[in-house]
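Engineer: Please take these sequences and the hints and turn them into a complete structure.
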Amino acid sequence: MKTLKNNYEIPPEGIETPRGHLYPLPGTGKQILFLVSGFFTAILLGFIVSDIPGDLSDFAKGVIYFVYILIFILGYGAWASWLGAIAFKSFKLPLMKILFGVFVRKEKPDSLEKLLPSREQAIEILVRSQKAAIIFFILSWPIGILGGVASLFMNTSISAIYFFIIIVISALMFGYIIFYFGRRGYLPFPEDD
Numbered sequence: 001m002k003t004l005k006n007n008y009e010i011p012p013e014g015i016e017t018p019r020g021h022l023y024p025l026p027g028t029g030k031q032i033l034f035l036v037s038g039f040f041t042a043i044l045l046g047f048i049v050s051d052i053p054g055d056l057s058d059f060a061k062g063v064i065y066f067v068y069i070l071i072f073i074l075g076y077g078a079w080a081s082w083l084g085a086i087a088f089k090s091f092k093l094p095l096m097k098i099l100f101g102v103f104v105r106k107e108k109p110d111s112l113e114k115l116l117p118s119r120e121q122a123i124e125i126l127v128r129s130q131k132a133a134i135i136f137f138i139l140s141w142p143i144g145i146l147g148g149v150a151s152l153f154m155n156t157s158i159s160a161i162y163f164f165i166i167i168v169i170s171a172l173m174f175g176y177i178i179f180y181f182g183r184r185g186y187l188p189f190p191e192d193d
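Under our numbering, the very last position in the sequence shown is 193; numbers go up by exactly one each time.
Careful, some of the hints might be misleading.
Said to hold, decoys possible - Taking CB as the label site, the calculated pair distances span:
hint, residue 1, residue 2, range
1, E9, Y180, 31 to 37 Å
2, F39, E13, 19 to 25 Å
3, T41, F91, 18 to 24 Å
4, S81, S157, 24 to 30 Å
5, L44, T17, 34 to 40 Å
6, V149, G54, 42 to 48 Å
7, F153, E13, 47 to 53 Å
Claimed, not checked - Below are the EDC-like pairs computed for lysine to aspartate or glutamate, each with C-alpha atoms no more than 20 Å apart in a straight line:
hint, residue 1, residue 2
8, K89, E120
9, K92, E120
10, K131, E107
11, K131, E120
12, K61, D51
13, K97, E107
14, K30, D51
15, K30, E9
16, K131, D51
17, K92, E124
18, K131, E13
19, K89, E124
Note that these hints are calculated values from the structure, not bench results. Heads up, the beta-carbon is just placed ideally off N, CA and C, and yes, glycines get one too.
Structural biologist: Structure follows, in structure tokens:
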């Protein structure tokens, strides 16, 4: 069986786990390329959607651009925070329990291997981090609706309701596409110093 060259030995078809499917992680170059192209896609989508009515003011166009950029930036920030919570629960909480036992109860730890996750635990952490990308789709709902509400107050030649629907649907589609690729490992993990 062919496997990808990484520390987890994830086969190209992925691994089915009790928590869900673990997709193989693409290379760092592909992840960075996706991150940069995702940002520029947000700008491009803002340009396309703001150009549909054809007669928007510069401020109104900026508001439309802001909707998609906000989905991307807030989504990535929320996803990174979610990964921090997963890491805290998986690594730092057990470490704190061991340190509490050492310093307060004066107990010796059984082994240092308790600090490191097993292969199964590491795979579970990876699945949870890939599934956390759903935050992009979740955030696209309120941001898309707020952008749609803002569009109702814009003077445009097309119907305000149509423009509202265009903005909301395109925001949801953008959030889902980022989630889809993030779920498959195309978002680079934030580096923690």
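Engineer: Can you list which hints this structure breaks, lowest number first?
Structural biologist: 1, 2, 3, 4, 6, 10, 14, 16
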